[in-house]
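Engineer: With the sequences and hints as input, model every part of the structure.
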Amino acid sequence: MKKGSKWWYVLALIPLIGTLFPSFYSSVTPTLWGVPFFYWYQMMWVIISAILTAIMYAALKNN
Amino acid sequence: MNWTALVIFIIFFLLVTVLGFVAARWRKADLNHLEEWGLAGRKFGTLITWFLVGGDLYTAYTFIAVPALMYGAGALGFYAVPYTIIIYPIFFAILPRFWSVAKKHGYVTASDFIEGRFGDKTLALAIAVTGIVATMPYIALQLTGMQAVLAAMGLGGDWPLIIAFVILALYTYTSGLRAPAMIAVVKDLMIYITVIVAIIVIPMKLHGFGHIFSAASAALATHTPPGAPVATPSMYAPYATLALGSALALFLYPHSLTGILSSSSRRVIKRNMALLPAYSFALGIIALLGFMALAAGIVTKNTSAAVPLLFLKEFPSWFAGFGFAAIAIGALVPAAIMSIAASNLFTRNIYKAYFNKSASPQNEAKVAKFVSLIVKVGALVFILGFPQQYAISMQQVGGILVLQTLPAIIFGLYTRWFHRRALLLGWAVGILYGIYMWGTTGYKSTTYALHIFGQTWAGYAGIWALIVNVLVTVVFTLIFQAVKLGQGTDATSASDYSIEPSA
Numbered sequence: 001m002k003k004g005s006k007w008w009y010v011l012a013l014i015p016l017i018g019t020l021f022p023s024f025y026s027s028v029t030p031t032l033w034g035v036p037f038f039y040w041y042q043m044m045w046v047i048i049s050a051i052l053t054a055i056m057y058a059a060l061k062n063n
Numbered sequence: 001m002n003w004t005a006l007v008i009f010i011i012f013f014l015l016v017t018v019l020g021f022v023a024a025r026w027r028k029a030d031l032n033h034l035e036e037w038g039l040a041g042r043k044f045g046t047l048i049t050w051f052l053v054g055g056d057l058y059t060a061y062t063f064i065a066v067p068a069l070m071y072g073a074g075a076l077g078f079y080a081v082p083y084t085i086i087i088y089p090i091f092f093a094i095l096p097r098f099w100s101v102a103k104k105h106g107y108v109t110a111s112d113f114i115e116g117r118f119g120d121k122t123l124a125l126a127i128a129v130t131g132i133v134a135t136m137p138y139i140a141l142q143l144t145g146m147q148a149v150l151a152a153m154g155l156g157g158d159w160p161l162i163i164a165f166v167i168l169a170l171y172t173y174t175s176g177l178r179a180p181a182m183i184a185v186v187k188d189l190m191i192y193i194t195v196i197v198a199i200i201v202i203p204m205k206l207h208g209f210g211h212i213f214s215a216a217s218a219a220l221a222t223h224t225p226p227g228a229p230v231a232t233p234s235m236y237a238p239y240a241t242l243a244l245g246s247a248l249a250l251f252l253y254p255h256s257l258t259g260i261l262s263s264s265s266r267r268v269i270k271r272n273m274a275l276l277p278a279y280s281f282a283l284g285i286i287a288l289l290g291f292m293a294l295a296a297g298i299v300t301k302n303t304s305a306a307v308p309l310l311f312l313k314e315f316p317s318w319f320a321g322f323g324f325a326a327i328a329i330g331a332l333v334p335a336a337i338m339s340i341a342a343s344n345l346f347t348r349n350i351y352k353a354y355f356n357k358s359a360s361p362q363n364e365a366k367v368a369k370f371v372s373l374i375v376k377v378g379a380l381v382f383i384l385g386f387p388q389q390y391a392i393s394m395q396q397v398g399g400i401l402v403l404q405t406l407p408a409i410i411f412g413l414y415t416r417w418f419h420r421r422a423l424l425l426g427w428a429v430g431i432l433y434g435i436y437m438w439g440t441t442g443y444k445s446t447t448y449a450l451h452i453f454g455q456t457w458a459g460y461a462g463i464w465a466l467i468v469n470v471l472v473t474v475v476f477t478l479i480f481q482a483v484k485l486g487q488g489t490d491a492t493s494a495s496d497y498s499i500e501p502s503a
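Heads up: the sequence lines are chains H and D, in that order.
At position 31 of the first sequence the residue is numbered 31 (this note's numbering), and the sequence of numbers has no breaks.
At position 405 of the second sequence the residue is numbered 405 (this note's numbering), and the sequence of numbers has no breaks.
Careful: at least some of the hints might be erroneous.
Below, computed lysine-lysine pairings styled on BS3-like, alpha-carbon distance capped at 30 Å [said to hold, decoys possible]:
| no. | chain 1 | residue 1 | chain 2 | residue 2 |
| --- | --- | --- | --- | --- |
| 1 | D | Lys104 | H | Lys6 |
| 2 | H | Lys61 | D | Lys43 |
| 3 | D | Lys103 | H | Lys2 |
| 4 | H | Lys6 | D | Lys28 |
| 5 | D | Lys104 | D | Lys301 |
| 6 | D | Lys103 | D | Lys444 |
| 7 | D | Lys104 | H | Lys61 |
| 8 | D | Lys28 | D | Lys444 |
| 9 | D | Lys104 | D | Lys43 |
| 10 | D | Lys103 | H | Lys3 |
| 11 | H | Lys61 | H | Lys3 |
| 12 | D | Lys103 | H | Lys61 |
| 13 | H | Lys3 | D | Lys104 |
Simulated from the structure, these hints should not be mistaken for laboratory data.
Structural biologist: In C-alpha cells:
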C-alpha cells in the first residue's frame, strides 16, 4: 500500500474488533503470571493498538 | 490525622501552586487575549501536548473512580482499558481535520466550528450549552477524587476541598491554559513514579498476582450484588457500549478539544495519538489497584476510598503522602482545563454571540476568566445535588450528553449532507431520551435495558440515545431537503480541512 493512501485509516478498525467483543476473551484461563486471560489480553491490545497507530502515523504523517 | 503524609502532601501541593502562578510568564504573551489565555496561543509542541492531553484524559476518573468500580463491582470497571485502546486510532483520523479548520478560521471551540460550518446560531448554542453542562459532572468527579485523598489523611469536611479549589481558581484565572500545561508535567512524573512503585511493591507484599486475583475473586463473591472477577455474559453489552461510548465522547468534551486546539500543528496531533497509549498501560495497572485493595483486605463502604486506603496500608506514610499529592494534582490539572474550556464556550458562543457582538479579544478574555470561576461553583453544586455510589457515573452522565453533539461535530467535519435543523432535532431527542433513561434508574446508573422485538439489550444509555439521535437526524434531513428548507451558509471550504501551515 502506498504511503499517504487513505486505506491506511482502515487500521483504526482493528482494535475495535479486537476489544469490543468481550465474549471472545472473557475467561480466566490461560493465565499469565497469575493474571487472568481477560486482563492480560486487553493489556496486550494496548500495545497492539499503539503499534497500529504508530504505523498509521508513519504512513500518513504528511497528509 | 496522618501528619507525615499530610506534610509531604502539602509540600507538593504548594510546589504546584507556585508553578501555577509562574506559568503566566512562560512563553510570555498578552494573557488578556482569549487565544492566549484560553489556548496558550496554539503553540504547544509534541511533548507539552502529550502532557496536556494526558492530563485531560487521565484524571481522578482514572485514579479513584475506575479502581473504585473494580473494587466494588469487579471486571466491569476494566471497560476503561478498551475505551482508551480504541480512542487513539479513531481520532487519529478525525482530529487533524478539526485542528486545520479551526486554525484557518480562528475557531476556539467546537461551537465556533458549528456556526461556521452550518451557519446556524441555534445549533451552535445547543452544542455550547451541552459542552458546558456535560463538563460540570466531570469537574465534580475531580472534586470527589480530591475529597477521597484528603479524607484518607484525616482531613474531613468541606473546607480543605474549598481551599484547594480557591487556589486552583486563582492560578487558572491569572495564567489560563499555561498553568495546567506546566503543572501537568509535574503531575505525570509523580503519577508514573507512584504507579511504578505500586506495581512492584504491592504485588510483592500481597504474594504475587495469582494471589491478588484469587483473593479479589473471593472478596467480590461476598458483595451484594456479587462482583464478577471476569466479565459475565450479561455484562458483555454494557462493557462494550460503555467502552465505545466513552471513547467516542472523549474528544467531544470541550476540555479535550482545548488540548487539541492548543497544539502547534497537525503532525503534533497525529504524533500524540501514537504516543498517548503509554498512559493506557498505566491506566490498566491503576484499575487493578481496585483488586489489590480487595486482596489487601481493605473494607470500606465508600468505594472512592479504596485506593487511598490501600496506599496507607501498603506504603510508608511519606510515600502515601506523595501518592496522594499525585492524585490530588491529577485532579487539579483536568479541573483547570475543563473550567477554561467551559468558559471559552460561554464567552464565544453565548456572551459574544448573544450579549456583546462586538466584544474585543480583551473583553472576551475578561469574561472567560470570570466564568471559569462560576463553572467551578457549578461543579460543587452538582456534587452536592447528585450523590452517587460510584463517582465514575459522573463521567458517564457527562458522556450521555456530550455524545449527542457527535453528529453535528464529527459528521460535520466530513459532510454537509445533514440538515442543520435535523441535527438540532436529533440532538434534542438524544438529550431528552438519554436523560429519561438515566432517570428511570433513579439517576443511579447509566446502563439501560432496551427492549426491542422481545429481546433485551442492556447497554450504555449514551449509545442508545446516540442511535436514536442519528435516526432522527437522517429522517428529518430527508424531509427538510424534500421541502427545500434553508440550508444556511458554509463559511468553510473543502481544502480548509487538510491544510498544514508552512510555519
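Engineer: For each hint, tell me whether it holds in the structure or not.
Structural biologist: Hint-by-hint comparison with the structure:
1. Taking the CA atoms of Lys104/D and Lys6/H, the gap is near 23 Å; set against the 30 Å cutoff, the hint holds.
2. A hinted pair counts as satisfied when its Cα atoms are at most 30 Å apart, and Lys61/H with Lys43/D qualifies at roughly 19 Å.
3. Note on Lys103/D and Lys2/H: the hinted pairing holds, with a Cα-Cα distance of about 29 Å set against a maximum of 30 Å.
4. As the CA atoms of Lys6/H and Lys28/D are separated by approximately 40 Å, the hinted pair breaks the 30 Å bound.
5. Using a Cα cut-off of 30 Å, the hinted pair Lys104/D and Lys301/D is violated, with the two alpha carbons roughly 52 Å apart.
6. For the suggested pair Lys103/D and Lys444/D, the alpha carbons sit about 41 Å apart, so the restraint of at most 30 Å is broken.
7. With a C-alpha separation of about 19 Å, the suggested pair Lys104/D and Lys61/H falls inside the 30 Å cut-off, and the hint holds.
8. Restraint check: the Cα-Cα separation between Lys28/D and Lys444/D comes to about 46 Å, which exceeds 30 Å; the hinted pair is violated.
9. A hinted pair counts as satisfied when its Cα atoms are at most 30 Å apart, and Lys104/D with Lys43/D qualifies at roughly 15 Å.
10. For the hint pairing Lys103/D with Lys3/H, the CA-to-CA distance comes to about 26 Å; that is within 30 Å, so the pair holds.
11. Between Lys61/H and Lys3/H, the direct Cα distance comes to roughly 9 Å. Compliance with the 30 Å bound is thereby established for this hinted pair.
12. The hinted pair formed by Lys103/D and Lys61/H meets the criterion: a straight-line CA distance of about 18 Å does not exceed 30 Å.
13. The straight-line distance between the Cα atoms of Lys3/H and Lys104/D is roughly 26 Å, inside the 30 Å bound, and the hint therefore holds.
Hint compliance for this structure: hints 4, 5, 6 and 8 are broken, all remaining hints hold.
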